[in-house]
Each structure stands twice: as structure tokens, then as C-alpha cells.
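Peer 1: Spelled out, the chains give:
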Amino acid sequence: MLQEFSEENIEPLATGAWILGTGGGGNPYISTLNLRRLYAEGRRVQVMDPMALDDDDMVAVVSKMGAPLVGQERLSDPVHLARAVEVMEDYLGKPFRAIMSVEIGGSNALSSFLAAAMLGRPVVNADAMGRAYPEAQMTSFAIGNLPMYPLSLVDVRDNEVIVTRAASWKWMERISRKVCTEVGSTAATCKAPRTGREVKDWGIHYTITKATELGRTVIEARARHDDPVKAVLDHEGGKQLFRGKVIDVARETTGGFLRGRTVIEGIDADRGSRMELAFQNEWAVAFRDGEPVAMTPDLLCLLDTISGSAIGTESVRYGQRVTVVALPAPELLTTPAGIAAVGPRAFGYDIDFRSVFS
Amino acid sequence: MKRSGIDVGGTNTDAVLIDGEKIIASIKVPTTQDVMSGVKAALSHVAGHVGAGRPIDAVMIGTTHFTNAVVERARLERVAAIRIALPTGASLPPMCDWPDDLRAAVDPLIFMVHGGHEYDGSPLVPMIPDEIREAAMKIRDAGITSIAISATFSPLTTECEVKAAEIVRSVIPDARITLSHTLGRIGLLERENVALLNAALQALGKTTVKAFSDALREAGVTAPFYLTQNDGTVALADVAAANPVHSFASGPTNSMRGAAFLTGLSDAMVIDVGGTTSDIGCLVGGFPREANNIVHIGGVRTLFRMPDLLPIALGGGTIIDPETGKIGPRSVGYRILTEARVFGGNTLTTSDVAVAAGLIEIGDRDRVRDLDPAFVKASLERIRDMVTDSFDQMKTSAEDVPLIAVGGGAFLIPDKIAGASEVLRVENAGVANALGAAMAQVSGEVDQVFSGLSRDEALAKAEAEAQNAAVASGASRESLKTLEVEDIPIAYLPGGARRVRVRVIGDIAFN
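Protein chains in written order, with my numbering: chain B, 4 to 361; chain R, 125 to 635.
Please note that the accuracy of each hint is not assured.
What the hints assert, rightly or not - Subject to a maximum C-alpha distance of 30 Å in a straight line, what follows is the list of computed DSS-like cross-link-like pairs (lysine-lysine):
hint : chain 1 : residue 1 : chain 2 : residue 2
1    : R       : 540       : R       : 450
2    : R       : 540       : R       : 501
3    : R       : 152       : B       : 248
4    : R       : 334       : B       : 248
5    : R       : 585       : R       : 605
6    : B       : 97        : B       : 233
7    : R       : 330       : R       : 262
8    : R       : 287       : R       : 262
9    : R       : 540       : R       : 605
10   : R       : 287       : B       : 248
11   : R       : 152       : R       : 330
12   : B       : 233       : R       : 334
Said to hold, decoys possible - Covered stretches of chain R (chain B as the covering partner; in silico rule of three or more C-beta atoms under 8 Å from a C-beta of chain B):
hint : segment
13   : 228 to 237
14   : 584 to 598
If you are wondering where the hints come from, they were derived from the structure by calculation, not from laboratory data.
All values derive from a computational prediction rather than experimental measurement.
Where is the CB? At the ideal position from N, CA and C, for every residue including glycine.
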């Protein structure tokens, strides 16, 4: 079951993906430009229903890996994402039926589209996070305890690496991160290949549709001068946690991550209260007047109160008028195995996970 | 020290003469078609008040000429772009995200060649001089003399851009070259865009400065002259001519600086109320706070030294819906003198409501006597809400701060605003811009990623480099003060990398 992804859907996809990035995942601007140019050349991407995959179909899982800052200088070229897929095909000796993104949050949502447009293969309407997370072991496939190897990594200088085996998802993360750093902290990767069965069992399904419709809802609300934040909440069944103004941002880099906190002073119904958002690349835990009130894996999104646009952990700044919203997490992430992989303790917060939706 | 400040606006050209901090003379003349005769007339007037003793030491000119050229897609010259970044970025060539009409106006010749650097200063791949030479010959054959050169991570490692410029000059001796690292920050596309806009304005920069120079001479003024810059400082005219993009926002900047001077405040918010929109900015230490994010100029994404301004769709000509009471966003703009109710027109504007409420006396008050006082009151409340909201958004701290209202529509700003310690009004606001120009100083800035250094070492190194940059731009070293220090650790990058931005400022060094 294939459906052509129209050019009009590119902007909504990027807008929705940036919201689902929950503060991380990188701004999709460069990827959006790339995809528009491929469409201008006449290329088109077909979106495939994951349930239409045969059990023994092979699916490539692509992602751009590295530091968002480097991506602003070393502009990514779809050629290399496509090459990462080809390298993997050569290694496996069999072709991929389709391509999917590792994460729907942020710029990587478009990575599968870029590779797919180059290779003339469909994109699977699914990802492995339903949002964005910083590390390889924070995927639905890792939660499902699926094999984490092989992995191909392609650098712009004809350096191509295959990690043939790794002892665990964490080892795969450590080894591939090392290689990525060595080639300048940005690389195109094709993660461990998945079978159709695995994608059907462990993928987070229909997230392309979800991101695109979310983005379209926001864009349309803006055009009608309706409240785009309310549109996000209505569309996703989310909850508004707090509305206010950013009064402090503290950032530090430890262990290769951007960590820190953003303090928001309440307005309207939240006047007199403060919300502190702790982050590690993505927003992780929300504290209201010192008490944790929402946390990963629930999606914490910081939205511009007026435009409904997502605000990233790298770009949030003093004075912005913001609304903090929580969106429901994919079910898999709220299971005990999911919480062990991506719950608050996986990010160093000694808190029991409690969903705002339970 | 005697200085003259001149503000060349779309409608009026204002000039002032100051001695130290004392205003000796000021004048407003209509901006002329050729711009220069207006400047000459204004300058001749104030120069007549110099009196005995020292002649004018310096003339500072602020102009919207360059911004208008980009917005109107006019008076731009053909440019060539050389990007040194292959094998990266091939899918997104220079100007790939420009509006079609602006791109057509600039009609670029584009080259992408190998080279560039990584964030840690190591080469991406070696640059190939023959590739640059070949591009230069094609540029020469096309008769193009203004060239923008960009390279990956050039704000950190300038080597590729500098070497490429030498090669281009060896082929095209009279080339005018803009190197992206001299203008922009991290973010290749945005920095390259700034460089290309700058390249497209080279010819205009030259003719404009030449014309100003002629106007000065004809007015009998022999002092050195400067153009005011986006950050509230000045650059010697010849230097400024090479970097017209640094003058893009000098209008709002001069107005903010002038407001600071007239009120004696150095830390305050300023709202400049025009006919269609208002701009809210923030003065820190007497200078406008800088935008640290993308600024669109004529539809082009840029990231460079620009003031942080929040525009609101509120001005003296903003239309009020008589049924719903909705304010704006449309405005009658310059047609206010014929379309507003008090001026005999049929469109209800914010000015009409202000007249009805007795906030100002303009036009014919009888023409708004029919307005329901409750409607007038509700409209003014809405205006207050709009201003309060934007004001609060731009504030840098939770404490109350003063708000200075300037511009022709300043009467719309209420005397009490939540979060404002007081609302000050500036009389002869027209002169504020010219005064802001006259008071300008010289700055130096560094925005770099440092790795392998402690935080203190990185900050110290950045400060020293910023000071050297200021001295190179004409500041006296003794007068330098550090205005801003900001550092952000960088996610993912090893070696404790942090991006440090330091800006210092000083008085002009007179020899």
C-alpha cells in the first residue's frame, strides 16, 4: 500500500516533526530545503503502510548522527544518506524494500525521505521513537531487544565504516559515536536493518501521518488566526501544563550532551507559579514549584504561545512567551521495558515515572 | 569635541551639531530625490553654527539607503559566489533559499569548490588553488567584480577564505571581495547570505559614500565622516562602504540611542511608534541588545550583528474596525493625512481614537465626536494590552524598567504600562535619530568556538581578540569597555567546546 507524499506536505511534516522533537532532534530547516529541491527535480517519495510489509522484507533505518551545530556548517547532502543505505545493501548482499527514519522528532524525520527520494524506494510510515531521543539504545527496537548490528556510517570524504557487531545497544552507541566524532561530529548512518516482521512488531507506526497532520493543524490555525497551541492540544489529545515567560536558561555540556534547565514564570492561570524544565538535548522533566509534574517518556513540548512553533533546547532564550504542553507517549515507551530505557532514570533523575495521562 | 549627526530617512533628513553633550544646532529638511542635496542643505545649516574655536571633528551619517535597495530589489549589482565546502553542501548551493525576484536582481554566477575546515580547525579536505583560479577566470570573463567567498567553519578558521581571496585578486586585480567570516556567525547558509547581500551592495556603497563625501565638501566640512552601524557604533565611511550590510538597521538603532541620550537613561526599553508599525527594542548600557537569532532581510535568512527588535502592528495609521473594535493589523500608512477621520477621510484609525480621547490635538476633533466614549475607552485598553504584552516579552529582567516612547505615534503609548517603572516621552523625537548618530562609538566583536581551554581562559582570549578588533576599527584602546559576554557550551562536541561571544566598545581615536 503506497501513497505519494505530496510537495504540499513537506512544510507540515517539518513543522510537526519539530514539535515532536520535544526540544531536540535538530531544526529541520536544512533537510526541508534539501527535500524541496529533490521534489523540484521531479523526484517523489511514496509512503508505505508498515502493515503492508512482508515479514521477510528488509527495511533500512537511516539517521543523520552528530552535533546540530556542525550540521549548520557542513550542510548535509542526501547523497550521503543514500550512500549509507547502499553500503549496507552491499554488506548484506540483499536489497531493502523500504526505508524508515530512526526518529520522527526533529530533522531526522526527513532523513528517510531524502534517502528514499534518491534511491526510488518507499518510506515506511513509522519510526523507532515516536519523538526524538539522543541515544541508540533509546529506540523501540532496543526496547524490543532486537539485534543492534550491523551499522553503516558514511562520511563525506569517502570514509565508509561498517560496525559488524556490538555487544549491546550501548556499545553500538559508544562505538558509532566515536567514529562520528572522528569524522567531524556529523555522519550519515544506516542502523541495524530490520525485517518487515520486526517493523510491524516493534516500530512506532503511522508517525509520518501523525507529524504531517499535526503540522498542518498548526499552520492552518495560524492562517485562521486561531490559537495554534490549542490546535496542538486538540489534535494530539495533549494537556497544557503551564503558560508563561522564560526568565532563566542555564546550559552546560557534560558527557557529550547539552544539559540544563529553563525557568518559566507563570502568567494567566499560572501566575504566581514557576515551572522548571530540565533538559538533556530534549526536554526531560517538568517541575512545577519544585515538584515533578511531567516527565519523559511523555512528550514535553515547549511552544511559542503565539505561533505554536516548537522551541528547541539550544534556541530557547530569555523573554520568550511559551506554553508547556504534554503529549501522550507511544504505548511501548510507557511499558516497564520502555520506562527502563527512556524513563526519568535513564536521564539521571531519581523519580518514578508518572504519566500526566494516567 | 564637535560632532554632527545626520539621519537620512525616507521622508526627512535630520541633522544636529553637538559639542560634547550639548546640542548647538539642529534642523530637519525634506529628503531629496538625489539624497545628497538634502544632506548638503542640512549640513550647511548646522555647520553655520560651529562658531569660533574648533571646527567639526567628525560627521556621523545614518542611512536607510542600503536596506531600501534590498527591499526594492533595485540598485543591486551582479555578483559571483565562491563557496569552499565540497564535498559537503553540494545539494544546497549558495542562494538556494533566496526569493526568486531578489535572486534574479543579483543574477549570480555560482561556484562550489573543495576545501573548508572542521569545528576543531582541522581541514575538511585540502583546498585546490586551481579550482579557485578557474572560477576566478570565469568570473573575470563574465565581467563581474563583486565576489562573496564562504567556507565551512570560517568564523573559526579563516584560512581558506583569505587564501581564496588572494588567488581571486591575482586574476581580477580590481575585485571587491566580501569574506563571509568578516560579517557572519556560525551557520553557513545564513553567513553566506549576508556576504552575498553585501557583495550585491558594493557599487551602491561606493557611490553613496562618494556622494556623501561630495555633499560634505560642498558644505565646506573637511572632518572625517562615518556611517552608523546596526549595533549603535560607527565605521569610517570608506570601511562602511565595503560593508553596507552593517548599516541595515542603523535607523532604529540611532533612534534608540538618541532616546537614551535625550532621557539620560542607558538601560531602558524603547518603543518607536511609526505610522504602520512600532518597534520595541532594549537598551543595555546605552546600546541596543543584539538579536541572537535569524533575521530576515528582504526575504533572505541572515544571522549577523543586528539589533533585537520586536515589531508590533500598531502605528498612528493602524485601522480600527468600528464594528468589532479589532485593531490592525492593516494601516492606512502614509495616506493617514487623507484617510483618517480627523483628516477628513472615512477610515477609523488609532489616531482618531487618540484625538477623541484628547491624547493629542491633530486634525478636526469634531469629526470624531460621534464615537461612543465606551468604544474609545475599550480601543485604548486594547492598545495598552498590545503594548504591555510586547513590552513584557522584550524585557530582560522581571524588575520594572523604564519605557521610552519615541516616533510620530508616541501619543498612543499610555502613561502607565504594567512592568514599566515609568513611561518617558522624548520631545523633538525627529532629532533623536540624528543625535543617536552623533553619539556613536566604535566596537569590536568576537564570536567563536573555543575548545581545549578552561572557561576563564576562553573568555579572556575572546575579550583580547574583541579589543584588537575594536582598535583596528578605530577605537582608542584606553577607552575600551566590555559590553557583552555570553558563552554557550556546545552539545556533542568533545574537549569542553564552548561558543563565546564578546563585544567591547570604545571612543573614536582622534589622531
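Peer 1: All the hints need checking, so say for each whether the structure fits it.
Peer 2: Status of the hints after comparison with the structure:
Restraint check: the Cα-Cα separation between residue 540 of chain R and residue 450 of chain R comes to about 22 Å, which is no more than 30 Å; the hinted pair holds. For the hint linking residue 540 of chain R to residue 501 of chain R, the alpha-carbon distance of about 15 Å falls within 30 Å, and the restraint holds. A distance of roughly 42 Å separates the Cα atoms of residue 152 of chain R and residue 248 of chain B; the hinted pair therefore is violated under the 30 Å criterion. With a C-alpha separation of about 48 Å, the suggested pair residue 334 of chain R and residue 248 of chain B falls outside the 30 Å cut-off, and the hint is violated.
About 15 Å separates the Cα atoms of residue 585 of chain R and residue 605 of chain R, which keeps this hinted pair within 30 Å; it holds. Taking the CA atoms of residue 97 of chain B and residue 233 of chain B, the gap is near 47 Å; set against the 30 Å cutoff, the hint is violated. Proximity of residue 330 of chain R to residue 262 of chain R is assessed by CA-CA distance (about 24 Å); at most 30 Å being required, the pair is judged to hold. Straight-line distance between C-alpha atoms of residue 287 of chain R and residue 262 of chain R comes to about 18 Å, which keeps the hinted pair within the 30 Å bound.
Straight-line distance between C-alpha atoms of residue 540 of chain R and residue 605 of chain R comes to about 34 Å, which puts the hinted pair past the 30 Å bound. A hinted pair counts as satisfied when its Cα atoms are at most 30 Å apart, and residue 287 of chain R with residue 248 of chain B does not qualify at roughly 47 Å. A hinted pair counts as satisfied when its Cα atoms are at most 30 Å apart, and residue 152 of chain R with residue 330 of chain R qualifies at roughly 26 Å. Annotation: proposed proximity of residue 233 of chain B to residue 334 of chain R is violated, straight-line Cα distance about 55 Å (limit 30 Å).
Residues of the segment 228 to 237 of chain R with a Cβ under 8 Å from some Cβ of chain B number 0, which does not satisfy the need for three, so the listed coverage is violated. By the rule of at least three residues with a Cβ nearer than 8 Å to a Cβ of chain B, the coverage given for the segment 584 to 598 of chain R is violated, with 0 such residues.
Hint compliance for this structure: hints 3, 4, 6, 9, 10, 12, 13 and 14 are not met, and every other hint is.
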